[in-house]
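Please construct the entire structure, taking both the sequences and the accompanying hints into account.
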Amino acid sequence: MSVQEQTIAHVHRDDVGARMGMWLFLFTELILFGGMFILYSVYRYKYPEAFHLAAKELNTIIGTFNTAILLTSSLTMALSITAIQRSQKSLSIFFQFLTLVLALGFLINKYFEWSVKFHHGIYPGSETLLAKPSGDIIFFGLYYVMTGLHGLHVIIGMVLISVMMRFTAKGVITSDSYVKLESAGLYWHLVDIIWIFLYPLFYLIT
Amino acid sequence: MEHNQEHVEQKYGYGIYILVWMALIALTAITAAFAGINLGEITIATALVIASIKTYLVLTVFMHLNSESKTFKAFVGVAILFLLISFILLFSDYSFILRN
Numbered sequence: 001m002s003v004q005e006q007t008i009a010h011v012h013r014d015d016v017g018a019r020m021g022m023w024l025f026l027f028t029e030l031i032l033f034g035g036m037f038i039l040y041s042v043y044r045y046k047y048p049e050a051f052h053l054a055a056k057e058l059n060t061i062i063g064t065f066n067t068a069i070l071l072t073s074s075l076t077m078a079l080s081i082t083a084i085q086r087s088q089k090s091l092s093i094f095f096q097f098l099t100l101v102l103a104l105g106f107l108i109n110k111y112f113e114w115s116v117k118f119h120h121g122i123y124p125g126s127e128t129l130l131a132k133p134s135g136d137i138i139f140f141g142l143y144y145v146m147t148g149l150h151g152l153h154v155i156i157g158m159v160l161i162s163v164m165m166r167f168t169a170k171g172v173i174t175s176d177s178y179v180k181l182e183s184a185g186l187y188w189h190l191v192d193i194i195w196i197f198l199y200p201l202f203y204l205i206t
Numbered sequence: 207m208e209h210n211q212e213h214v215e216q217k218y219g220y221g222i223y224i225l226v227w228m229a230l231i232a233l234t235a236i237t238a239a240f241a242g243i244n245l246g247e248i249t250i251a252t253a254l255v256i257a258s259i260k261t262y263l264v265l266t267v268f269m270h271l272n273s274e275s276k277t278f279k280a281f282v283g284v285a286i287l288f289l290l291i292s293f294i295l296l297f298s299d300y301s302f303i304l305r306n
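Line order of the protein sequences matches chains A and B.
What the first sequence shows, in the working numbering, is residues 1 to 206, in sequence order.
What the second sequence shows, in the working numbering, is residues 207 to 306, in sequence order.
Derived from the structure by calculation, the hints contain no laboratory data.
A hint or two may mislead.
[Unchecked claim] Simulated restraints, written as ranges between beta carbons of each label pair: (1) A:174 with B:266: 38 to 44 Å; (2) A:174 with B:293: 22 to 28 Å; (3) A:91 with B:305: 57 to 63 Å; (4) A:171 with B:298: 50 to 56 Å; (5) B:299 with A:97: 44 to 50 Å; (6) B:295 with A:90: 25 to 31 Å; (7) B:293 with A:86: 39 to 45 Å; (8) B:222 with A:162: 39 to 45 Å; (9) B:291 with A:156: 26 to 32 Å; (10) B:273 with A:124: 41 to 47 Å.
[What the hints assert, rightly or not] Below are the DSSO-like pairs computed for lysine-lysine, each with C-alpha atoms no more than 30 Å apart in a straight line: (11) A:132 with A:46; (12) A:89 with A:46; (13) A:56 with A:132; (14) A:180 with B:276; (15) A:56 with A:110; (16) B:279 with A:180.
Just so it is clear, the structure is predicted and the values come from calculations on it, not from any experiment.
For glycine and all other residues, C-beta sits at the position ideal for the given N, C-alpha and C.
Pasting the structure below:
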């Protein structure tokens, strides 16, 4: 009944369908990262000692700090949706902006973390790394590919959120049409979930 | 139904998000603290269980799965189930290869 009313009141719109479409895309992302988690598990089983020692070289404090940053950015993203639902437009834009700032902070930390590793000569294909046992090479290979791909997703998420900020400012996203912002949020939360698993697997293994 | 769903969505206030965020941060702190203690095989299991709890919180509250319809939940649940099945089958296959 109310579905009909909505069809008359608006141009054809299917928010549930839009969200399902976004989730469908997120499943493909899960498979992408899932494959790499499988690789990680198999090699970790094969080289437990090397993974243990190599992981000790990663900075746990930066890793934990970055986890907190990303979790907080997920919070601000969720809050921005509540704000737009309540027609608090500037508050919603402010929360989206905070999400962007936190994402940038995450990347800056990542930059410093990688720089230190590069400085020590540990990067894919480097002589220092290739001289190490194969377990170490695989650990750092997986580390760079998985956190790198995750970092790429953070950058894509930042672009998406910037576009959403513009949409919100221009009134494309409003209190009764915010599925675009929700979808961007879903993407951002998935990026967060992937990090929730990357963090213990790379930084905390003993 | 559509109407009802909108009502459920409205239920999400700022408070619940902040509460979930605090839980997520606390769980992260627990994971980090646990990593310092060497419990052998249990360490990684604990870390993964905590990561799963965190994921559940993000999925249900931040990603609004709680307020979606049953069809929607089944849609997501089936996808996650199949991902888990492929993981389990792959690992059991791998352990079989190792034993031979």
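Quick rundown of the hints versus the structure:
At roughly 26 Å, the beta-carbon separation of residue 174 of chain A and residue 266 of chain B lies outside the given 38 to 44 Å, and the hint is violated. Roughly 41 Å separates the CB atoms of residue 174 of chain A and residue 293 of chain B, a value that falls outside the hinted 22 to 28 Å. Evaluation of the 57 to 63 Å hint for residue 91 of chain A and residue 305 of chain B yields a pass: the beta carbon distance comes to about 59 Å. Checked against the given bound of 50 to 56 Å, the beta carbons of residue 171 of chain A and residue 298 of chain B, roughly 54 Å apart, stay inside it.
Remark: the range hint 44 to 50 Å for residue 299 of chain B to residue 97 of chain A is upheld by a beta-carbon distance near 48 Å. The hinted range of 25 to 31 Å is not satisfied by residue 295 of chain B and residue 90 of chain A, whose Cβ atoms lie roughly 51 Å apart. Evaluation of the 39 to 45 Å hint for residue 293 of chain B and residue 86 of chain A yields a pass: the beta carbon distance comes to about 40 Å. The beta-carbon spacing between residue 222 of chain B and residue 162 of chain A, approximately 27 Å, falls outside the hinted interval of 39 to 45 Å.
For residue 291 of chain B and residue 156 of chain A, the hinted distance range of 26 to 32 Å is satisfied, since their beta carbons lie about 29 Å from each other. Between residue 273 of chain B and residue 124 of chain A the beta carbons are some 43 Å apart, a value that agrees with the proposed interval 41 to 47 Å. This hinted pair checks out: residue 132 of chain A and residue 46 of chain A have alpha carbons roughly 16 Å apart, not beyond 30 Å. The hinted pair formed by residue 89 of chain A and residue 46 of chain A fails the criterion: a straight-line CA distance of about 53 Å is larger than 30 Å.
In summary, the hint linking residue 56 of chain A to residue 132 of chain A is supported, as the alpha carbons are separated by about 15 Å, within the 30 Å threshold. At roughly 22 Å between alpha-carbon atoms, residue 180 of chain A and residue 276 of chain B fall within 30 Å of each other, so this suggested pair holds. Distance hint between residue 56 of chain A and residue 110 of chain A is fulfilled; the C-alpha atoms sit about 17 Å from each other, no more than 30 Å. The straight-line distance between the Cα atoms of residue 279 of chain B and residue 180 of chain A is roughly 20 Å, inside the 30 Å bound, and the hint therefore holds.
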